[in-house]
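Asker: Single-letter residue listing:
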Amino acid sequence: MAIQGLQAVGLGKRFPGIIALDDVSLHLQPGQVMALVGANGAGKSTLIKILTGYYDSYEGRIEIDGQGVQIHQPKDAARVGIQAVYQEVDSVLVPSLTISENLLMNQLVTIPNPLLSWSALHRQAEAVLAQVGLDLDVRRRVEDLVLHEKQMLVIARAVSQQVKYLIFDEPTTSLSLPEVERLFVIIRRLKAQGVGILYISHRLMEVSALADEITVLRNGRKITQFPVAEFDFARVSEAMLGSAIQDIYPAKAASPPGEVVLTATDLTRRGKLKAVSLVARQGEILGIAGLVGAGKTELLRALFGADGLESGQLAIDGKPVTLTTPRQAVQQGVYLVPEERRSQGVLLEEKIRQNISLPFLSQFSRILGLIDQLRERSHAVNLIDRLGITPPNTEAEVSNLSGGNQQKVVIGKWLTGRPRVVMFDEATQGIDVKAKQDVYAIARELAHSAAVIYAASDIDEVIGIADRIIVMHDGAIVAAFEADAFDRNLILEYATGTREKETHD
Amino acid sequence: MTDLAPSASIPPEPRSEHIRGLIYDFIIKYGMLVAIGILILFFSTQNEAFLTLNNLLLIARAVSILCIVAIGVTISVSVDGFDVSVGAVTGLSVLLSTSLMVIWNVEWYLAILITLGAGLLVGLINAFFIIKLRIPDLLATLGMLYLAQGAQLMLTQGESVFRGMFNPWATERVQTTGDITDAFKQIGQGFVFGSEGFNGIPIPIIIMLVIAISVHVFLQYTRWGRMFYAVGGNREAARLSGVPIHRVRLLAYLLSALLATIAGIVLASRIGSGAIRAGDPYLLDAVAATFFGFAVLGARRPNVFGTVIGALFVGIMLNGLTMMDVEWFFQDFIKGFVLIASLAMSFFLVKRTR
Numbered sequence: 025m026a027i028q029g030l031q032a033v034g035l036g037k038r039f040p041g042i043i044a045l046d047d048v049s050l051h052l053q054p055g056q057v058m059a060l061v062g063a064n065g066a067g068k069s070t071l072i073k074i075l076t077g078y079y080d081s082y083e084g085r086i087e088i089d090g091q092g093v094q095i096h097q098p099k100d101a102a103r104v105g106i107q108a109v110y111q112e113v114d115s116v117l118v119p120s121l122t123i124s125e126n127l128l129m130n131q132l133v134t135i136p137n138p139l140l141s142w143s144a145l146h147r148q149a150e151a152v153l154a155q156v157g158l159d160l161d162v163r164r165r166v167e168d169l170v171l172h173e174k175q176m177l178v179i180a181r182a183v184s185q186q187v188k189y190l191i192f193d194e195p196t197t198s199l200s201l202p203e204v205e206r207l208f209v210i211i212r213r214l215k216a217q218g219v220g221i222l223y224i225s226h227r228l229m230e231v232s233a234l235a236d237e238i239t240v241l242r243n244g245r246k247i248t249q250f251p252v253a254e255f256d257f258a259r260v261s262e263a264m265l266g267s268a269i270q271d272i273y274p275a276k277a278a279s280p281p282g283e284v285v286l287t288a289t290d291l292t293r294r295g296k297l298k299a300v301s302l303v304a305r306q307g308e309i310l311g312i313a314g315l316v317g318a319g320k321t322e323l324l325r326a327l328f329g330a331d332g333l334e335s336g337q338l339a340i341d342g343k344p345v346t347l348t349t350p351r352q353a354v355q356q357g358v359y360l361v362p363e364e365r366r367s368q369g370v371l372l373e374e375k376i377r378q379n380i381s382l383p384f385l386s387q388f389s390r391i392l393g394l395i396d397q398l399r400e401r402s403h404a405v406n407l408i409d410r411l412g413i414t415p416p417n418t419e420a421e422v423s424n425l426s427g428g429n430q431q432k433v434v435i436g437k438w439l440t441g442r443p444r445v446v447m448f449d450e451a452t453q454g455i456d457v458k459a460k461q462d463v464y465a466i467a468r469e470l471a472h473s474a475a476v477i478y479a480a481s482d483i484d485e486v487i488g489i490a491d492r493i494i495v496m497h498d499g500a501i502v503a504a505f506e507a508d509a510f511d512r513n514l515i516l517e518y519a520t521g522t523r524e525k526e527t528h529d
Numbered sequence: 004m005t006d007l008a009p010s011a012s013i014p015p016e017p018r019s020e021h022i023r024g025l026i027y028d029f030i031i032k033y034g035m036l037v038a039i040g041i042l043i044l045f046f047s048t049q050n051e052a053f054l055t056l057n058n059l060l061l062i063a064r065a066v067s068i069l070c071i072v073a074i075g076v077t078i079s080v081s082v083d084g085f086d087v088s089v090g091a092v093t094g095l096s097v098l099l100s101t102s103l104m105v106i107w108n109v110e111w112y113l114a115i116l117i118t119l120g121a122g123l124l125v126g127l128i129n130a131f132f133i134i135k136l137r138i139p140d141l142l143a144t145l146g147m148l149y150l151a152q153g154a155q156l157m158l159t160q161g162e163s164v165f166r167g168m169f170n171p172w173a174t175e176r177v178q179t180t181g182d183i184t185d186a187f188k189q190i191g192q193g194f195v196f197g198s199e200g201f202n203g204i205p206i207p208i209i210i211m212l213v214i215a216i217s218v219h220v221f222l223q224y225t226r227w228g229r230m231f232y233a234v235g236g237n238r239e240a241a242r243l244s245g246v247p248i249h250r251v252r253l254l255a256y257l258l259s260a261l262l263a264t265i266a267g268i269v270l271a272s273r274i275g276s277g278a279i280r281a282g283d284p285y286l287l288d289a290v291a292a293t294f295f296g297f298a299v300l301g302a303r304r305p306n307v308f309g310t311v312i313g314a315l316f317v318g319i320m321l322n323g324l325t326m327m328d329v330e331w332f333f334q335d336f337i338k339g340f341v342l343i344a345s346l347a348m349s350f351f352l353v354k355r356t357r
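Taken in sequence, the protein lines are chains A and B.
Using the working numbering, read the first sequence as starting at 25 and increasing by one per residue.
Using the working numbering, read the second sequence as starting at 4 and increasing by one per residue.
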């Protein structure tokens with residue numbers, strides 16, 4: 025009898041100068057949940073892209089139930105019953121159309137009858153939603169839905185198209201705890217219906233709760249695979265990272281923190297920030313933990329003058345300041361490494377040199393604003409060297425750099441100035457482990473002379489890097505933890521809203 | 004990426020791929036310049052008079068007004084904006100400068116200063132629409148196109164301006180007494196560095212060169228130019244890097260309107276009168292020149308050198324076609340065809356090589 029299920033044999037994918045995936049084999053059986061874990065850049069996305077027909081050419085072969093199948097474009101994958109639910113659900117939905125229209129897009133374009141029966145369409149859509157246990161008005165527009173509803177919609181659509189193998193790519197990144205629970209219910213239901221599920225995540229807790237089998241990728245290679253019964257947190261992290269987990273974070277501050285540099289009092293912005301107060305001291309890294317959407321980004325942007333505030337006061341070195349534009353913040357030595365590296369951090373089409381000098385161009389200017397290119401270049405050479413940016417070429421266009429190197433350029437921009445407060449927002453998203461380690465090391469180094477604020481939705485990362493932690497939930501600070509008193513579970517409970525802020529009378 | 008499988012070998016590019024890459028590179032970088040070379044060679048085989056110094060200077064003079072307008076458009080595009088009011092502003096400048104002199108008897112130099120001031124005002128209003136009212140650039144300047152055109156018509160109640168015209172604002176039928184003086188006409192008609200058997204270099208060319216060189220230096224070598232391109236490349240990233248994006252965009256629209264106004268003054272001086280809607284044709288040609296410029300030396304971004312080459316290209320093409328007795332009604336079509344070809348060169352091929 026032929027082997028049942030989806031088999032990937034020796035899959036590989038090369039890009040100029042990079043081997044993204046190297047000889048990876050995988051066997052996903054119907055009704056099985058296979059977790060695929062690995063650090064960023066491990067090859068998870070490349071593997072999914074091959075399976076869903078994103079790439080035309082790759083090494084290796086794909087078989088279903090022992091039969092070889094050709095997958096070279098998305099419709100090939102759909103034909104053999106492979107579908108994916110990506111992190112970015114917005115890119116596969118049309119926001120201005122209704123739920124019905126989005127769900128039945130395929131039928132809409134191939135329908136033989138030129139006249140649509142809307143009532144029939146809506147009934148059909150309701151039936152599809154019922155399959156995944158979703159109760160939504162199918163006449164609503166997709167743009168009015170919240171993220172997890174959109175995600176459910178994408179799942180429902182896949183189910184309606186006779187999906188046999190469903191791939192989830194980091195589906196819980198932006199979900200709250202109850203939403204994650206609902207997602208898991210649906211995944212288990214699909215599993216019971218015999219759908220094979222490939223579940224990609226770097227959240228190991230989820231993986232251990234959901235998966236039957238766990239496969240670990242690192243640097244494009246399959247490192248190990250084992251049943252969930254053998255799950256062991258340390259073992260998986262070590263397989264993912266290639267080194268024991270403690271190694272990637274620098275040592276915590278040795279001496280007690282110095283002077284208070286930044287004081288924020290009752291920062292408020294409607295619906296985003298609720299009377300947030302904090303102090304940041306020189307010599308320490310203040311970690312901000314919280315889920316996506318908890319208000320971390322809004323807080324940092326407010327401190328940076330990037331968004332307006334309804335009320336609240338800021339002081340630097342004890343002197344009150346008003347920051348209404350990032351320019352004013354930069355002049356005060358308040359710098360931000362923003363959340364969206366490519367769209368907010370770098371100028372993709374400019375060279376490394378030009379990106380690095382941008383915030384402090386006047387330092388490189390002579391009479392009439394003419395730029396001293398020699399000085400600019402030697403400065404860039406220094407920073408490239410100090411940060412270990414590759415390629416070590418001041419004239420390389422930033423769009424050609426890897427995510428980690430782009431992030432180093434963003435950070436390098438600020439090293440030209442005189443930092444008083446340096447803020448990092450999800451600074452290690454989408455970059456490889458080595459680059460992460462470098463980013464942590466720079467943050468620690470900066471903390472010697474400035475106050476560093478480090479926000480991330482990955483709680484382990486915040487615990488690893490910070491000397492002191494505040495937890496945000498729903499736009500407010502709900503808890504604070506001093507050094508030596510970090511309690512991972514407690515932080516998680518505050519972050520997810522399971523535990524509420526304690527009120528002191 | 005250094006930690007990615009360092010031991011695995013990466014297969015070298017096949018030889019044919021490599022050669023194809025080199026050819027693409029060459030076309031992307033020098034295609035535009037080669038095309039101009041071919042154009043000049045072709046026209047000079049068709050007509051002996053084409054490749055003479057005097058004819059080339061004639062082309063250059065004809066092109067210099069277009070160049071000035073196009074450099075303005077280039078500045079607006081460099082901050083990821085788009086100023087489509089330029090042709091109308093050029094026309095307004097023609098009418099305002101001449102009518103000040105003819106109808107209101109203003110001295111020529113004062114007329115120039117007032118016109119330049121009005122041009123800056125237009126740029127300021129454009130910037131207000133775009134930055135403060137947040138109207139998208141194209142729409143705001145489209146509105147300004149109509150406003151400037153309307154202002155142009157209202158200024159003389161739709162009359163063209165010429166010496167001895169009847170004063171449209173007088174209650175009785177009286178002739179105007181002002182004049183478009185020779186000093187003013189020198190700007191568009193004069194020559195410098197003339198000698199025996201050589202007319203000299205037309206002053207519009209000098210004005211154009213001064214502007215082209217200054218704006219080129221400004222955009223390429225000063226920190227302001229750097230900030231212009233930063234805002235054009237990614238406004239949010241520029242803002243989060245502390246670039247004063249509002250000031251940059253304001254300055255871009257001021258410069259764009261100012262250059263359109265200067266072009267109008269040169270144009271008025273060259274034709275020696277204030278013809279209604281004389282500026283209109285410059286808009287499309289200036290936009291074309293700016294986008295031609297994307298293809299020059301593979302810049303893929305607005306740049307003054309490219310724009311000047313682009314304007315020359317348009318000018319050479321039109322002059323050559325005219326000398327070959329190609330009917331005027333073919334010319335727009337040919338222009339469109341060549342524009343698409345050059346844009347394909349800069350965008351399609353570049354994408355292929357990525």
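Hint data in this document are derived by calculation from the structure and do not stem from the laboratory.
Take the hints with a grain of salt, since some may be wrong.
The list that follows gives simulated cross-link-like pairs (lysine-lysine, BS3-like), each with its CA atoms no further than 27 Å apart [what the hints assert, rightly or not]:
no.: 1; chain 1: A; residue 1: 296; chain 2: B; residue 2: 135
no.: 2; chain 1: B; residue 1: 188; chain 2: A; residue 2: 375
no.: 3; chain 1: A; residue 1: 73; chain 2: A; residue 2: 99
no.: 4; chain 1: A; residue 1: 73; chain 2: A; residue 2: 174
no.: 5; chain 1: A; residue 1: 298; chain 2: A; residue 2: 525
no.: 6; chain 1: A; residue 1: 375; chain 2: A; residue 2: 458
Asker: The structure should be examined with respect to each hint, and the outcome stated for every one.
Answerer: Verification of the supplied hints:
1. A:296 x B:135: holds (25 Å)
2. B:188 x A:375: Distance of about 46 Å is beyond 27 Å: violated.
3. A:73 x A:99: Roughly 13 Å separates the two Cα atoms, so the pair holds.
4. A:73 x A:174: holds (21 Å)
5. A:298 x A:525: holds (13 Å)
6. A:375 x A:458: With a Cα-Cα distance of about 23 Å, the restraint between residue 375 of chain A and residue 458 of chain A holds, given a limit of 27 Å.
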